[in-house]
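Visitor: Sequences listed follow chains A and B, in order. Note that this note's numbering gives residue 59 to position 59 of the first sequence, counting from 1, and the numbers run on in steps of one. Note that this note's numbering gives residue 58 to position 58 of the second sequence, counting from 1, and the numbers run on in steps of one.
Note that these hints are calculated values from the structure, not bench results. Keep in mind it's a predicted model, so treat the numbers as computed, not measured. Where hints are given, some of them may not hold.
[Unchecked claim] Covered, in the sense of this in silico footprint (three residues per stretch, anywhere, with C-beta under 8 Å from a C-beta of chain B), are these stretches of chain A:
| # | stretch |
| --- | --- |
| 1 | 200-212 |
| 2 | 246-259 |
| 3 | 446-460 |
[Stated by the list, open to error] Quick partial rundown of chain A residues pointing at chain B, CB under 7 Å, derived from the structure:
| # | residue |
| --- | --- |
| 4 | Glu-60 |
| 5 | Leu-63 |
| 6 | Phe-147 |
| 7 | Ala-150 |
| 8 | Ala-219 |
| 9 | Ala-314 |
| 10 | Gly-316 |
[Claimed, not checked] BS3-like, lysine-lysine: derived pairs with alpha carbons at most 25 Å apart:
| # | chain 1 | residue 1 | chain 2 | residue 2 |
| --- | --- | --- | --- | --- |
| 11 | B | Lys-310 | B | Lys-259 |
| 12 | A | Lys-266 | B | Lys-174 |
| 13 | A | Lys-266 | B | Lys-134 |
Ideal Cβ placement from N, Cα and C applies to all residues, glycine included.
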Amino acid sequence: MWLPRAEPYNSRSEKGLPPAVPPRRTVATRPSAARVARNVPKAKPGRVSRIGRRPLAALEAELRRIRDPVEKLRFIRRSLDRFETLDERLQALPGAPLRWVAYRLTGVEEARPLFSRNPWGALDPPRRTRPPLPRRARRTLNVAAVFVMAAAGLALASYPRAHGPEAKPPAAAAPQPRPTAQAALDPPRGGTPERIWLVDSGAAFELYSNGLRIDTSWAVRGEARRYRVFTKDGGMGTEVLDRPVGIVFHTSESDIWPLEESFNQKLRDSSQDLLRYLRRNQVYHYLIDRFGRVYRVVEEKDKANHAGMSVWGAGGRLYLNLNGATIGISYETRWEGGAALPITRAQLEAGRSLTDYLRHKWTLAPEMCVTHGLASVNPRKHLIGHHLDWARGFPFAAYSLPDQYQVASPAVQLFGFSYDERFLAVLGEPWPGVIAAQAALASEATASGQDIEAVRVERVRTYDRWLAELTKDAETAEKAAARDARAASGG
Amino acid sequence: MAENKDHLWKAPEESADKIEDLVKGGSHPVGIDVGTSKVVVSKRGGKDVACQAQLNAFIPVPYSPVTERTIQQQSDIHYYRDGDEIVIFGSATERFANMFNAEARRPMADGLLNPKEKQAWPVLEAILQSLVPKPRSSNEVLAFSVPAAAPGRESGLTYHEASLRQHFTSLGYKAMAINEGLAVIFAELEQHNFTGIGISCGGGMCNATLAFLSIPSIMVSLPKAGDFIDRSVGEAVGEHAQRVKVIKEEGFELSRAPKDKLEKALHIYYEDLIESLVDTLRKAISRAEKLPKSDRPLPIVLAGGTAKPKGFKELFERTLRSKPFPIEVAEVRVAADPFTATARGAYIAAMFEK
Chain A
1 MWLPRAEPYN SRSEKGLPPA VPPRRTVATR PSAARVARNV PKAKPGRVSR IGRRPLAALE
61 AELRRIRDPV EKLRFIRRSL DRFETLDERL QALPGAPLRW VAYRLTGVEE ARPLFSRNPW
121 GALDPPRRTR PPLPRRARRT LNVAAVFVMA AAGLALASYP RAHGPEAKPP AAAAPQPRPT
181 AQAALDPPRG GTPERIWLVD SGAAFELYSN GLRIDTSWAV RGEARRYRVF TKDGGMGTEV
241 LDRPVGIVFH TSESDIWPLE ESFNQKLRDS SQDLLRYLRR NQVYHYLIDR FGRVYRVVEE
301 KDKANHAGMS VWGAGGRLYL NLNGATIGIS YETRWEGGAA LPITRAQLEA GRSLTDYLRH
361 KWTLAPEMCV THGLASVNPR KHLIGHHLDW ARGFPFAAYS LPDQYQVASP AVQLFGFSYD
421 ERFLAVLGEP WPGVIAAQAA LASEATASGQ DIEAVRVERV RTYDRWLAEL TKDAETAEKA
481 AARDARAASG G
Chain B
1 MAENKDHLWK APEESADKIE DLVKGGSHPV GIDVGTSKVV VSKRGGKDVA CQAQLNAFIP
61 VPYSPVTERT IQQQSDIHYY RDGDEIVIFG SATERFANMF NAEARRPMAD GLLNPKEKQA
121 WPVLEAILQS LVPKPRSSNE VLAFSVPAAA PGRESGLTYH EASLRQHFTS LGYKAMAINE
181 GLAVIFAELE QHNFTGIGIS CGGGMCNATL AFLSIPSIMV SLPKAGDFID RSVGEAVGEH
241 AQRVKVIKEE GFELSRAPKD KLEKALHIYY EDLIESLVDT LRKAISRAEK LPKSDRPLPI
301 VLAGGTAKPK GFKELFERTL RSKPFPIEVA EVRVAADPFT ATARGAYIAA MFEK
């Protein structure tokens with residue numbers, strides 16, 4: 001979108017005429033009487049009108065001394081708030097005669113028509129909030145609270161010695177489960193996503209019925225999707241496919257600044273820098289920043305670079321390069337081993353809406369929604385966990401997805417991949433799906449009467465062969481595309 | 001001619017000086033008048049407060065690289081590409097409408113998002129984007145004007161208000177909606193302690209608010225305003241509404257006798273509009289069950305582009321006095337800058353909330 005800087009308002013410009021005068025601000029610089037009269041006292045912050053027999057008249061009299069419109073507005077609203085509080089207290093007085101006297105003395109009744117729940121006249125008024133207690137009252141409350149807490153502590157400390165039986169030594173604490181992201185999340189929501197449709201769209205956004213808002217201002221086209229599927233017995237399929245069948249979740253591993261107000265500039269800049277890098281290199285289809293904003297980086301129908309060396313499968317279908325077959329979603333964060341959930345609440349919610357939307361749009365099987373750490377492999381060394389982002393701690397349950405950490409790793413079971421020291425140094429132990437895959441491999445070797453190492457070597461060779469076929473197929477397609485392009489351009 | 005038009009765009013010096021006092025370092029609140037005909041933004045500009053406006057209209061033209069290059073060469077044209085069309089929006093729209101001899105389209109109608117216009121929201125969003133700066137810090141306050149709910153149109157207003165709030169919130173602002181008439185009161189009736197009647201006569205509708213000490217007591221809207229006059233006059237005299245608008249804005253005066261059929265029709269429909277407005281206000285005040293006591297007559301301020309022609313105030317006064325009015329009126333006056341009054345009032349509300 002081409003957006004030149006908006007000029008200062010000039011009604012002439014709306015008629016398409018060249019401005020007869022240079023652009024001007026609408027403000028005169030000449031000091032007015034109001035500015036010159038500096039000796040006019042201003043309302044002190046927090047000051048309110050005194051309550052007397054006629055509080056509104058008194059309020060108006062005091063307002064005459066305030067020249068600053070915002071100060072005046074503040075003074076009015078604070079005073080009215082005080083009148084309302086007083087009115088509430090007077091209404092609570094016992095006995096009608098007493099209330100009558102109180103109202104006669106304060107005159108606060110006349111301000112009642114001004115007690116409004118909608119002081120801005122909007123259809124959806126803001127919620128009212130009471131002003132904080134004065135500092136002195138807060139200090140008194142704090143001191144009182146300290147005394148109460150100290151007294152309660154002393155009472156509790158003395159109670160067992162004076163009255164209770166001798167305390168038994170506490171039983172050894174049961175081992176607590178390690179705090180993981182999974183444990184810190186909501187219970188799972190229902191199964192399949194609701195119907196999701198595009199509600200609204202604009203030059204730089206799309207809004208969906210599940211509340212998902214996608215910023216499309218960074219979106220670029222990528223290479224066309226083109227991939228093949230393998231089956232355990234049939235090898236590489238003949239059909240060339242171009243629709244996404246799953247999602248791969250990533251972490252950006254980019255610079256992460258503390259979520260504090262003083263870092264606002266850094267927080268903004270780092271996201272923008274990251275988006276620039278991702279767009280330039282066509283990495284991921286979506287990025288979810290730390291405030292839950294969803295950015296489209298590469299168009300969904302195109303291929304993005306995010307999980308090239310990877311293995312995953314479901315329903316007997318195997319994918320040896322997930323770039324073509326999946327949609328990459330990255331969270332702006334660092335995974336940091338997955339001991340704690342590395343994303344913000346806003347990211348979690350946004351990721352959930354985005355996943356629901358993508359699953360609904362492309363009819364993605366939940367079994368094909370996986371994390372990068374679970375699918376990434378080193379093809380040369382035949383190792384799993386080449387990248388480890390989300391190798392632990394992804395909140396599958398909160399996303400209504402099956403726990404992929406329990407699923408037998410296809411790279412281990414079908415292609416004989418293993419892991420190394422570096423893998424263990426980060427994770428401590430492999431995820432359950434790796435152990436399950438190793439067990440399955442062992443039982444298959446036993447069933448066929450072969451040594452497990454021999455089976456593993458055989459499967460690794462299968463992987464190498466299939467990968468070579470896939471690479472050759474991709475190169476052939478690339479050459480054909482280049483030839484077609486040359487022919488089309490007449491070269 | 002330029003000197004004569006100064007009052008149309010220049011904010012009143014006195015108001016500006018008052019607002020100047022509000023501008024404290026480090027805070028950048030924004031006030032916006034989202035009107036059917038124009039979007040006006042009031043925000044900090046250096047040490048002062050400045051108003052900027054865009055026509056709330058657009059026109060799609062067929063895309064071609066040549067057209068796009070031509071547009072890009074002119075710095076004052078806002079556009080975006082939508083498939084095989086270039087959507088030109090904002091103040092350049094009228095120029096292109098004349099060039100292509102086509103009617104400019106409006107994202108809003110009768111004060112709300114135009115439900116019949118498919119491009120309403122994308123265009124309005126683009127217009128807002130061209131005017132509203134990025135917030136410099138979190139929780140920067142932005143106040144935007146909304147009309148009062150006309151009977152039976154509450155759901156439309158809910159959608160309109162929520163859409164705008166969501167948009168501004170997504171930009172990073174703490175967004176708040178303020179009634180249009182109340183914003184006029186904030187901008188113009190500070191000396192009366194924000195007590196009186198503020199009336200905004202825009203393109204799509206007229207909004208009137210009676211407030212006591214800044215608290216709105218009565219808020220009414222009339223889905224009849226500048227567009228109604230243009231349309232009705234156009235039908236009556238067989239002219240294009242757009243042409244009627246141009247004539248109306250180029251020196252038409254209600255204070256002098258009509259010189260042709262078109263001016264006569266303009267007089268008639270202005271009278272009709274003002275009669276409807278005063279009648280609506282009269283009924284609303286009469287129906288009000290409990291109004292705060294006021295021992296002094298109340299002022300009335302008229303704002304908005306439709307209140308601009310000379311003689312509007314006098315016609316309003318005559319209509320007001322033709323029948324008994326339920327409250328005593330001290331004076332009727334036109335806002336010093338009718339175009340920017342609502343935006344300036346919204347800016348004061350934003351300053352209050354910051």
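Visitor: Hint by hint, note whether the structure agrees.
Guide: For each hint, the structure was consulted:
{"no.": "1", "hint": "200-212", "result": "holds (count 6)"}
{"no.": "2", "hint": "246-259", "result": "violated (count 0)"}
{"no.": "3", "hint": "446-460", "result": "violated (count 0)"}
{"no.": "4", "hint": "Glu-60", "result": "holds, 6 Å"}
{"no.": "5", "hint": "Leu-63", "result": "holds, 5 Å"}
{"no.": "6", "hint": "Phe-147", "result": "violated, 36 Å"}
{"no.": "7", "hint": "Ala-150", "result": "violated, 37 Å"}
{"no.": "8", "hint": "Ala-219", "result": "violated, 14 Å"}
{"no.": "9", "hint": "Ala-314", "result": "violated, 36 Å"}
{"no.": "10", "hint": "Gly-316", "result": "violated, 41 Å"}
{"no.": "11", "hint": "B/Lys-310 / B/Lys-259", "result": "holds, 15 Å"}
{"no.": "12", "hint": "A/Lys-266 / B/Lys-174", "result": "holds, 21 Å"}
{"no.": "13", "hint": "A/Lys-266 / B/Lys-134", "result": "holds, 15 Å"}
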